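Student: Residue-level listing of the chains:
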Amino acid sequence: MTIQTPNGFTLDNSGKRVVVDPVTRIEGHLRVEVNLDGDNVIRNAVSTGTMWRGIEVILKGRDPRDAWAFTERICGVCTGTHALTSVRAVEDALAIKIPENANSIRNLMQLTLQAHDHLVHFYHLHALDWVDVVSALKADPKATSALAQSISPWPLSSPGYFKDIQGRLTRFVESGQLGPFKNGYWGNPAYKLPPEANLMAVAHYLEALDFQKEIVKIHTIYGGKNPHPNWLVGGVPCAINVDGVGAVGAVNMERLNYVSSIIDQTNDFINQVYIPDLMAIASFYKDWLYGGGLSSKCVMSYGDIPEHANDYSEKSLKLPRGAIINGNLSEVLPIDLRNPDEIQEFVVHSWYKYPDETKGLHPWDGVTEPNFVLGPNTKGTRTNIEQLDEAAKYSFIKAPRWKGNAMEVGPLARWVIGYAQGKPEFKEPVQKVLTDLGLPVTALFSTLGRTAARGLEAQWAGAQMRYFQDKLMANIKAGDSSTANVDKWRPETWPRETKGVGFTEAPRGALGHWIRIKDGKIDNYQAVVPTTWNGSPRDPKGNIGAFEASLMNTPMAVPDQPLEIIRTLHSFDPCLACSTHVMSPDGQEMAKVEVR
Amino acid sequence: MAAAETFYDVIRRQGITRRSFTKFCSLTAASLGLGAGGAAQIAHALETKPRVPVIWMHGLECTCCSESFIRSAHPLAKDVILSMISLDYDDTIMAAAGHQADAILKETREKYAGHYILAVEGNPPLNEDGMYCIDGGRPFVEKLKEMAAGAQAVIAWGACASWGCVQAAKPNPTHAVPIDKVILDKPIIKVPGCPPIAEVMTGVVSYILTFGQLPALDRQGRPQMFYSQRIHDKCYRRPHFDAGQFVETWDDEGARKGYCLYKMGCKGPTTYNACSTVRWNNGVSFPIQSGHGCIGCSEDGFWDQGSFYDRLTTINQFGIEQNADIVGGAAAAIIAGAVAIHAGVTAVRATIKNAEKTGA
Chain P
1 MTIQTPNGFT LDNSGKRVVV DPVTRIEGHL RVEVNLDGDN VIRNAVSTGT MWRGIEVILK
61 GRDPRDAWAF TERICGVCTG THALTSVRAV EDALAIKIPE NANSIRNLMQ LTLQAHDHLV
121 HFYHLHALDW VDVVSALKAD PKATSALAQS ISPWPLSSPG YFKDIQGRLT RFVESGQLGP
181 FKNGYWGNPA YKLPPEANLM AVAHYLEALD FQKEIVKIHT IYGGKNPHPN WLVGGVPCAI
241 NVDGVGAVGA VNMERLNYVS SIIDQTNDFI NQVYIPDLMA IASFYKDWLY GGGLSSKCVM
301 SYGDIPEHAN DYSEKSLKLP RGAIINGNLS EVLPIDLRNP DEIQEFVVHS WYKYPDETKG
361 LHPWDGVTEP NFVLGPNTKG TRTNIEQLDE AAKYSFIKAP RWKGNAMEVG PLARWVIGYA
421 QGKPEFKEPV QKVLTDLGLP VTALFSTLGR TAARGLEAQW AGAQMRYFQD KLMANIKAGD
481 SSTANVDKWR PETWPRETKG VGFTEAPRGA LGHWIRIKDG KIDNYQAVVP TTWNGSPRDP
541 KGNIGAFEAS LMNTPMAVPD QPLEIIRTLH SFDPCLACST HVMSPDGQEM AKVEVR
Chain F
1 MAAAETFYDV IRRQGITRRS FTKFCSLTAA SLGLGAGGAA QIAHALETKP RVPVIWMHGL
61 ECTCCSESFI RSAHPLAKDV ILSMISLDYD DTIMAAAGHQ ADAILKETRE KYAGHYILAV
121 EGNPPLNEDG MYCIDGGRPF VEKLKEMAAG AQAVIAWGAC ASWGCVQAAK PNPTHAVPID
181 KVILDKPIIK VPGCPPIAEV MTGVVSYILT FGQLPALDRQ GRPQMFYSQR IHDKCYRRPH
241 FDAGQFVETW DDEGARKGYC LYKMGCKGPT TYNACSTVRW NNGVSFPIQS GHGCIGCSED
301 GFWDQGSFYD RLTTINQFGI EQNADIVGGA AAAIIAGAVA IHAGVTAVRA TIKNAEKTGA
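Top line first, the protein sequences correspond to chains P and F. Read in the numbering used here, the first sequence has 322 at position 322, and its numbers run on one by one without any break. Read in the numbering used here, the second sequence has 170 at position 170, and its numbers run on one by one without any break.
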């Protein structure tokens, strides 16, 4: 059967069905089903979030000052971004103003996450979609060294170095125990790199694994640990004392130097390893420009990284804010997270129940009652699903829409919006990548474009880390060492009833938390997260979500090996623990679920 | 190169004698209920079959445990994965997906029955027939039980697998349970924390491989080498507690001098973990050092013990230490008081828990 979706895709589910479950190298649990035509081209795509944790249900009745810790545990990969979103939501509700230093330190924490998360994503979650590990065994270490030295001044690049890595890899493969590389798609014709590029990438996979643990030490210094550093409503928990009595117990000169040194190392690694690798790999895949999906049509970003404390206006935000619809790059539309008619969530294809499922609900008024039911055309059983029925409910992810549009969020969305706004800090790096690769701007709307935008963003984040650390130092030098505003710390100082919204740009895209506070406790809490947008199922009008759209019309080299499918899905950096948790304003309904 | 070494090679290189190795094989055979030839079979397997296969499964969780694991500085996560164990299945980093991934589970059950370690991150929800966590179209809990059946031992990573953690906080809408509620017949090593410290995680793994035995566990199933003392017992801010020097509000004079965070709700006095000694991210810091109290994330049910900013118990302010001369005479009384408080808060906490269990 062929269906035309309102957002411009032709779905045909008559061909061979291929199921990928679990989708690995992501956070959480995701399933994807596609239909292939006679030429092994994807003509229908179904993306399913397969977990539900109910964290906002659990938040009801708790102290709003604790919410950051609960919501932080929504995701340990994008650790901290939910916590930041949460403290911003509470501060918005209670009209709390944070000190300038707290803003700089929060930005540093968030940028550290961006840099770390993008790096780990590229090497450890995504690289094996482009890099054939087994092919690296055939590489000539000398030629690998020449390749590495031609693209980067990074010092670990001698023939001996690559020979050692290759030797270790050879012994590893010959042991017959391939560990995480077991049953990979090695030798699949969709791999395009020469052996030398594969060996270089494997070496950097290992180096990045060693290095990533250094970046997060910035979280450890300002937040005490990583993953899951500590946050505070009203500011940051780390006090600053540069040269007074007891300075060793606070953020002091040694700590500030430590952060500064990590920032330098991070920038070196991104600029000398990540970006050159990205460009080298991209140069071999520039003919593989599938996976654009919604990116050329509808993208959105809430914006983040405020230059000034407490100023969340578009002007203050260093990451762009706005929405593009219908592919009209000449107009970036303003967005309002408080407007009940803009962001709405639908559940007609989600495993939840609404009184009227033709309508969407704004997060402040969201209803969530889990409703795990399978459609009549499901194959298999309720607890052994062979094939889902996408005409019915088929995912634990809701379908959020902006003014009725399915949107893509994430690094590519941010960079497309920055590009469309003509901001030089976004437009120029994009233009340079396209020029270096000899590609037109339309090439941006692809799996490769998404992966490239993430790399550019890591580079941008590294530079901004330096900026905010310097800004922090300058402010301390000017005599301001304040890090927290405690005027409204005590619940007695709060209004009886209030509501707020906080937002960030998580590594994976636009993230919003909506909170209602009543009598000092959380009355309602709702998070709409990046992977809810990207992994969304169909809506009542039949619009497909970003994951589904991105898989459409992609040819598969070997239908039994889902390499192209996971390559494109990974380009979004899916986070399923984030996407599949929603809250009923009436927690009692949840209690009923428990005793059933 | 270690990659080509067998398990036997590795432990011999680490100084384990042949005799200890044989004893380990016998004990393992006995614990698995294998017959007379069992020990020899295991010994043969470990001598000829290289690195111990590890199957790392994910239930309801946030992946913070995996993220923590890769932060390990000694040993490096890279060396654990390439040289110490054979991480044959881990959804988060494995190359294979879908049925190629699933096939590894089947192969491991058949080829390495009784010889692999099952590491579990997250936990199974039981409501909706387990379908709040679906893996390969089936309830995660079923796959978990299948893989546990053939495992030699089970590691429960983090607060989720050990206690239930955030999704099991009240009202626990999915009925998420710690793994020892569904795996009943295997030794389970609980490595709690949200997440556990990286070097504690790799420390537990390397202990098992190096000494060929499971670490000594406390009554709650935690390795006593890392979890037998409270954070407060070895906190570097402890002298300020004893001296009655507290942070009274965020960013006050006390905060800038690094005073004790007890009054800001620090749960260090009731939390058993290695944060104040091993510290985090290769010893850089830990929550208290960076100015926020401990939230007690390695303790059972820590989400349901009131606000993270509630003081553990109401106590009278100690005498403020002005200088050593003034404090001198009162020191003995202060120390006695501090000891009593420790006993007190622990007892209060235990009472709360018992009451909850009775209520549930």
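It should be emphasised that the hints constitute simulated quantities derived from the structure, not laboratory data. Do not take every clue at face value.
Capping the alpha-carbon separation at 27 angstroms, the derived lysine-lysine pairs in DSSO-like fashion look like this [claimed, not checked]: (1) P:Lys315 with P:Lys427; (2) P:Lys318 with P:Lys427; (3) P:Lys16 with P:Lys541; (4) F:Lys181 with P:Lys16; (5) P:Lys97 with P:Lys379; (6) P:Lys379 with F:Lys181; (7) F:Lys170 with F:Lys257; (8) F:Lys263 with P:Lys521; (9) F:Lys170 with F:Lys181; (10) F:Lys78 with P:Lys499; (11) F:Lys181 with P:Lys97; (12) P:Lys142 with F:Lys78; (13) P:Lys518 with F:Lys257; (14) P:Lys427 with P:Lys97; (15) F:Lys181 with F:Lys234; (16) F:Lys257 with P:Lys353; (17) F:Lys263 with P:Lys488; (18) P:Lys97 with P:Lys138; (19) F:Lys257 with P:Lys471; (20) F:Lys170 with P:Lys521; (21) F:Lys257 with P:Lys477; (22) P:Lys318 with P:Lys403; (23) F:Lys263 with P:Lys138; (24) F:Lys78 with P:Lys97; (25) P:Lys286 with P:Lys97; (26) F:Lys106 with P:Lys379; (27) P:Lys488 with F:Lys181; (28) P:Lys518 with F:Lys263; (29) P:Lys318 with P:Lys359; (30) F:Lys145 with F:Lys181; (31) F:Lys78 with P:Lys163.
Some chain F residues well away from chain P (every beta-carbon gap over 12 angstroms; in silico) [said to hold, decoys possible]: (32) Thr17; (33) Arg19; (34) Lys234; (35) Tyr236; (36) Pro287.
Bear in mind that the values here come from a model prediction, so they are computed numbers and not experimental data. The beta carbon of each residue, even a glycine, is placed where N, CA and C say it ideally should be.
Student: Checking against the hints above, which ones are violated?
Tutor: 4, 5, 6, 7, 10, 11, 13, 14, 15, 16, 18, 23, 24, 25, 27, 29, 35, 36
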